[in-house]
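J.: So the chains spell out like this:
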Amino acid sequence: VPARATAERLSRAALFAAGVGAAAVVTSCGSPSVSVTPPYGLAPIPIETDDAGSDASDAAVPPVDANTASDDAPSFVALYGGVALVDGGLKGH
Amino acid sequence: LNGTRWRLDRAAEKLNLRAELPGARLFDLAADALRTARAAGASRGDRLALALPASWCVNSPAPSTVLRRWALAPQREVWELLMEVFDESGGASLDADSRRAVMSAIAVLGPEPYGVEAISKVLALLAPDAVPLMPSPARTFVLGESQAQTPDAFVAMLEWFSATVGEVRLELTACARGHTQVPLSAAQVLDRLLWFDSEGYRHFPSFGV
Chain A
1 VPARATAERL SRAALFAAGV GAAAVVTSCG SPSVSVTPPY GLAPIPIETD DAGSDASDAA
61 VPPVDANTAS DDAPSFVALY GGVALVDGGL KGH
Chain B
1001 LNGTRWRLDR AAEKLNLRAE LPGARLFDLA ADALRTARAA GASRGDRLAL ALPASWCVNS
1061 PAPSTVLRRW ALAPQREVWE LLMEVFDESG GASLDADSRR AVMSAIAVLG PEPYGVEAIS
1121 KVLALLAPDA VPLMPSPART FVLGESQAQT PDAFVAMLEW FSATVGEVRL ELTACARGHT
1181 QVPLSAAQVL DRLLWFDSEG YRHFPSFGV
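Protein sequence lines, in the order shown, are assigned to chains A and B.
Reminder that position 45 of the first sequence reads as 45 in this note's numbering, one-by-one numbering, no gaps.
Reminder that position 88 of the second sequence reads as 1088 in this note's numbering, one-by-one numbering, no gaps.
Bear in mind the hints are in silico, worked out from the structure with no lab data behind them.
Please note: incorrect hints may appear among the correct ones.
Claimed, not checked - Label-pair restraints from in silico Cβ distances: (1) B:1012 - A:12: 42 to 50 Å; (2) A:4 - B:1169: 20 to 28 Å; (3) B:1206 - A:15: 46 to 54 Å; (4) A:15 - B:1159: 34 to 42 Å; (5) B:1152 - A:15: 15 to 23 Å; (6) A:12 - B:1004: 39 to 47 Å; (7) B:1037 - A:15: 48 to 56 Å; (8) B:1180 - A:16: 44 to 52 Å; (9) A:19 - B:1012: 45 to 53 Å.
Unchecked claim - From the derived model, a few chain B residues whose C-beta atoms are all more than 10 Å from chain A: (10) 1013; (11) 1032; (12) 1037; (13) 1100; (14) 1171; (15) 1174; (16) 1183.
Heads up, the beta-carbon is just placed ideally off N, CA and C, and yes, glycines get one too.
Start from the sequences, fold in the hints, and give me the full structure.
T.: This is how it looks when you write it as structure tokens:
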């Protein structure tokens, strides 16, 4: 059975995290939107740096166009994406 | 199950079929590697960083933005303390204080509809003797349709898992020893059989259930 002190620390940490919320996470990531140059010559694509669902991320991330990638290069979503990996068949069963 | 008993049968067959699935096999190997890393003294933060992407191997619904949120303060501290709770419990039933603390942590880490499932798929790597995989079919199989979707489902699954492993530990251990494709503990055998009977059998139409 876990020590009571550990449970208390976990409760406090959860309470603190609930109070801080997503704003602190965004702050810790820097600016709301940054651009990088991916390898394989793809055009720079903004990467969201705040949590999914916010207005800022919705505005910053354009639809991924598979045609921007060369035939033999990993796509942006394959390199960086999470959900998109499902569609690529790389994730899961 | 509506109160009926769940019969654990054809375990070796089911475990072997599961090991054929590439994602599932990688997940089991990652869990074993994380067990080794823990024994070698790897920090909770390092093990968490490895477990987050590995959870995708069994179709975690959490996107990378959520995994990143979990890897950063303040939620990273919540994860590490969750790991500490399960490290200390060693798969035993949690006391009331710990259950409340775990429920608070789950609520903070996983407010999304898929939160319980995604969190379980990380913790099943980090604390495999205490936390089963909790996709919706598994929760429904164990808890029933109505309770499977409640905030209490995570802790209810933990309690069922701990009690059931204790009830049939000898049989599960024998299954684990007989399964040579990937290393599994007794608790992991129960979890994999739960997955197979609640959902996984659909991958194998010729199995016949």
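J.: Against the structure shown, which of the earlier numbered hints fail to hold, in ascending order?
T.: 4, 7, 13
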